[in-house]
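*Asks:* Taken in sequence, the protein lines are chains A and B.
1 is the number of the first residue of the first sequence in UniProt numbering; add one for each residue after it.
1 is the number of the first residue of the second sequence in UniProt numbering; add one for each residue after it.
Hints should not be assumed to be uniformly reliable.
As the list claims (entries may be wrong) - DEER-style ranges, computed between Cβ atoms:
#1 Asn437/B <-> Leu30/A: 51 to 61 angstroms
#2 Asp169/B <-> Val72/A: 39 to 49 angstroms
#3 Arg448/B <-> Phe63/A: 48 to 58 angstroms
#4 Ala127/B <-> Pro32/A: 46 to 56 angstroms
#5 Pro139/A <-> Arg288/B: 52 to 62 angstroms
As the list claims (entries may be wrong) - Here are the simulated lysine to aspartate or glutamate pairs, EDC-like style, with alpha carbons at most 16 angstroms apart:
#6 Lys70/B <-> Glu47/B
#7 Lys194/B <-> Asp161/B
#8 Lys353/B <-> Glu394/B
#9 Lys190/B <-> Glu164/B
#10 Lys445/B <-> Asp153/A
#11 Lys438/B <-> Asp65/A
#12 Lys194/B <-> Asp149/A
#13 Lys190/B <-> Asp229/B
#14 Lys333/B <-> Asp346/B
#15 Lys251/B <-> Glu229/A
#16 Lys438/B <-> Asp149/A
#17 Lys445/B <-> Asp57/A
#18 Lys353/B <-> Asp161/B
#19 Lys438/B <-> Asp229/B
#20 Lys340/B <-> Asp125/B
#21 Lys445/B <-> Asp229/B
#22 Lys291/B <-> Glu272/B
#23 Lys438/B <-> Asp153/A
#24 Lys340/B <-> Glu119/B
#25 Lys190/B <-> Asp169/B
#26 Lys251/B <-> Glu61/A
#27 Lys291/B <-> Asp161/B
Derived from the structure by calculation, the hints contain no laboratory data.
Please read these numbers as outputs of a predicted model, since none were measured by experiment.
The C-beta atom is built at its ideal place from N, Cα and C for all residues, glycine as well.
Now for the letters of each chain:
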Amino acid sequence: MSERRTIFPGWRLPLLLLAPQLLLTALFFLWPAAGAIEASLMRGDPFGLSARFVGLDNFTELFTDPLYLAAVGRTLLFCGAVSLLSLGLALVLAVLADSAIRGRAFYRTALIWPYAVAPVIAAVVWILLLHPQIGALPPLLSRLGIVWDYRLDGTQAMITVILASAWKQVSYNFIFFLAGLQSIPAAIVEAARMDGAGPLRRFWTILFPLLAPTTGFLVTVNIAYSAFETFGTIEALTQGGPAQATQTLVVKVYRDGVVNLDLGASSAQSVVLMAGVMLLTLLQFRLLRRRGDAI
Amino acid sequence: MNRRHLLAGAAALTAAAALPAAFAAPARAQDRPVVTFWHAMSGPLGEEVKKVCDAFNAAQSAVTVAPVFKGTYGETMTAAIAAFRAGQAPHLVQVFEVGTGSMLGAGPAVRQVWQLAQETGIAFDPAAYMPAVRSYYSLPDGSMAAMPFNSSTPVMWLNADLFERAGLDPAAPPATWQEVAAAADALKTKASAKVAMTTAWPTWVMMENFGALHDLPYATKANGFEGLDAELVFNAPPYVAQIQRLLDMAKAGTFTYGGRGAAGDQIFPVGETGLSFNSSAVRAAFSRDAKFRFAAALLPYDPSVRASPNNSIIGGASLWTMTAPRRTPAEYKAVADFLKFISQPDSDARWSKATGYVPVTLAGAGLSLAQGYYARTPGADIAIRQLNRGAVTENSKGLRLGRLPEIRTIIEEEFEAALQGRQGAQAALDSAVARGNKVLREFEKSMRG
């Protein structure tokens with residue numbers, strides 16, 4: 001199949017049309033990124049009165065710091081759990097909302113709501129649910145013999161931030177899965193049904209494979225979400241505690257840079273994170289290209 | 001009314017608005033030069049800051065001091081530093097006591113009080129300020145670096161109702177840690193208090209002030225006052241014993257950890273807590289929220305460490321004068337005038353009575369006393385009495401360590417790990433010392449450029 005190509009004459013108009021985006025990228029990405037790279041190679045006081053070039057000192061310190069390496073592992077675990085949970089839940093909900101049920105429109109709308117909730121507000125909702133002294137759930141848990149105090153129990157704290165973060169992302173995933181499901185021709189599903197395939201079999205052999213491009217895209221987006229955008233939720237819920245049990249990389253960047261004013265170390269961590277995102281994006285493009293232009 | 005009248009009216013209004021600006025301007029207070037004052041006092045405390053500024057603005061006609069709320073202490077300090085880097089620093093910024101070490105390293109970014117006095121000719125007498133307050137913000141030679149503003153100190157808060165139910169006398173509060181442990185036991189068993197004892201600001205109360213009260217060094221080099229190369233030493237046996245005591249009490253269910261920093265604030269006013277350690281400045285909030293009788297008492301001490309306790313150290317914040325390009329001598333003079341104004345006895349006394357912070361000047365405390373404030377408000381003098389217990393020593397005049405907020409968090413993290421049962425008291429403090437020293441070395445390197 002040959003594509004119809006539209007060729008603009010000259011280069012002025014294309015450049016003009018691209019200019020706003022290029023300007024935004026330069027202003028909000030290239031410039032600060034260059035600043036971060038510069039700061040990651042320096043050691044200075046917070047006031048910027050003295051700064052000395054220290055080469056890769058900040059990076060060496062980072063990668064010899066067991067607490068940083070622990071944060072890397074913790075972040076991987078956190079991202080994996082959040083992505084798995086929010087994708088799994090969203091997929092189940094999307095499949096259910098896609099089937100012919102009464103009040104379908106209502107469920108669809110209701111499921112999209114949490115996406116509009118600001119991270120800190122989401123955190124407050126979860127605090128009201130899970131606070132050991134004033135929360136709604138701990139009394140029920142204690143009846144089951146579970147002593148709930150996420151401010152002191154690292155595992156419980158991790159569960160809390162994973163739940164809160166995953167809950168917020170379910171809506172987003174739901175929309176994409178639902179759109180993905182609706183783009184699957186009904187004829188295929190119906191043909192399978194006539195051949196006698198049950199709902200589970202239809203899901204695993206038809207829907208799930210056909211959703212693969214959507215899933216692939218969402219996995220990347222979710223990993224990026226859980227690595228970066230969960231900062232507000234974690235900071236409001238646990239501030240990375242107890243004893244660093246919920247300190248992910250982006251929380252650590254904030255702690256070291258904004259709270260502790262150690263700009264060199266914080267910038268070095270930002271640069272490492274930036275490299276991580278670039279790698280992730282590259283993988284995503286490769287993956288999508290291999291699957292053809294499905295999206 | 002017809003259309004012509006309307007038009008005429010509109011024309012007249014336009015003319016009035018277009019009157020030469022010079023005609024109206026001098027009458028407006030906003031056109032006086034503005035001195036910006038960034039602070040971190042939210043809610044009722046922010047209102048009080050505004051009252052102080054309004055009083056100063058009414059008392060003179062040269063400048064207008066404009067208070068601006070910039071968030072928490074940490075956020076305010078970060079904002080001020082960012083503003084300085086952009087050449088837009090406020091004239092005055094309120095910095096919490098633990099930020100003092102970092103601000104002292106700020107060199108030309110700030111004008112210390114003694115420099116300001118020299119430049120403007122407006123003198124400040126250090127002897128006018130309360131010793132335990134002044135020493136925290138002074139250089140080793142005694143000259144003042146920052147202006148004391150809102151100072152508090154941790155005290156022990158007790159729920160008098162629960163105390164009586166436990167068969168304890170709230171008028172004779174426990175004075176030693178041994179008595180505190182026994183009282184907490186009684187509160188749990190006899191009064192079935194949901195929380196027998198808790199604390200806000202675990203590091204400030206249980207470590208920094210424990211050291212001051214018992215005259216124990218927290219760090220070498222006179223707690224950092226005498227050099228950037230200070231090393232933390234709070235893993236000595238008495239500190240370990242104190243943490244062990246808290247761990248034991250937690251295990252016995254008589255101590256409930258309330259979280260880092262101010263997180264423990266919310267627990268006591270609910271009424272199910274017998275004993276709480278918190279800043280003396282929460283009095284106003286407790287008076288508003290608590291539906292039970294409560295009282296403040298002196299911090300307990302451990303007689304096996306020291307026979308009689310020393311003064312406690314302060315918390316709260318001080319005011320720093322910041323510099324910016326093209327800032328005029330007149331502006332610095334206005335700042336000095338304002339600092340002088342808030343140090344006046346009546347201003348200081350009014351501020352302290354309205355907020356619950358201790359008066360920072362001796363004359364301010366004297367004025368409140370003469371006005372009968374402490375007789376009317378029993379317990380309001382606890383903080384002052386405690387700040388003046390014993391004599392100020394090298395170990396009780398405060399801490400002068402860079403990045404101290406970070407070190408506080410490190411201690412709380414290690415304490416949390418110990419409460420989880422993942423390590424003992426000694427291991428927790430050893431690890432906190434090692435991590436804290438690393439932070440101090442980083443700070444030292446960054447200061448030496």
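*Asks:* Give a verdict on every hint.
*Replies:* Quick rundown of the hints versus the structure:
1. Asn437/B <-> Leu30/A: 51 to 61 angstroms: About 38 angstroms separates the Cβ atoms of asparagine 437/B and leucine 30/A, which means 51 to 61 angstroms is violated.
2. Asp169/B <-> Val72/A: 39 to 49 angstroms: Violated - the Cβ-Cβ distance for aspartate 169/B and valine 72/A, about 55 angstroms, lies outside 39 to 49 angstroms.
3. Arg448/B <-> Phe63/A: 48 to 58 angstroms: 24 angstroms, violated
4. Ala127/B <-> Pro32/A: 46 to 56 angstroms: 49 angstroms, holds
5. Pro139/A <-> Arg288/B: 52 to 62 angstroms: 28 angstroms, violated
6. Lys70/B <-> Glu47/B: 14 angstroms, holds
7. Lys194/B <-> Asp161/B: 14 angstroms, holds
8. Lys353/B <-> Glu394/B: 30 angstroms, violated
9. Lys190/B <-> Glu164/B: Given pair lysine 190/B, glutamate 164/B holds - Cα atoms ~10 angstroms apart, limit 16 angstroms.
10. Lys445/B <-> Asp153/A: Judged against 16 angstroms, a Cα distance of about 36 angstroms means the pair is violated.
11. Lys438/B <-> Asp65/A: With a Cα-Cα distance of about 11 angstroms, the restraint between lysine 438/B and aspartate 65/A holds, given a limit of 16 angstroms.
12. Lys194/B <-> Asp149/A: Distance of about 15 angstroms is within 16 angstroms: holds.
13. Lys190/B <-> Asp229/B: 50 angstroms, violated
14. Lys333/B <-> Asp346/B: 22 angstroms, violated
15. Lys251/B <-> Glu229/A: 37 angstroms, violated
16. Lys438/B <-> Asp149/A: Given pair lysine 438/B, aspartate 149/A is violated - Cα atoms ~31 angstroms apart, limit 16 angstroms.
17. Lys445/B <-> Asp57/A: 12 angstroms, holds
18. Lys353/B <-> Asp161/B: 26 angstroms, violated
19. Lys438/B <-> Asp229/B: 11 angstroms, holds
20. Lys340/B <-> Asp125/B: It holds: about 10 angstroms lies between the C-alpha atoms, which stays within 16 angstroms.
21. Lys445/B <-> Asp229/B: Judged against 16 angstroms, a Cα distance of about 10 angstroms means the pair holds.
22. Lys291/B <-> Glu272/B: 11 angstroms, holds
23. Lys438/B <-> Asp153/A: Violated - the C-alpha atoms of aspartate 153/A and lysine 438/B are around 27 angstroms apart, more than 16 angstroms.
24. Lys340/B <-> Glu119/B: OK: lysine 340/B and glutamate 119/B at ~14 angstroms, within 16 angstroms.
25. Lys190/B <-> Asp169/B: Roughly 13 angstroms between the alpha carbons, so the hint for lysine 190/B and aspartate 169/B holds.
26. Lys251/B <-> Glu61/A: Roughly 37 angstroms between the alpha carbons, so the hint for lysine 251/B and glutamate 61/A is violated.
27. Lys291/B <-> Asp161/B: Holds. Lysine 291/B to aspartate 161/B sits at ~10 angstroms (cutoff 16 angstroms).
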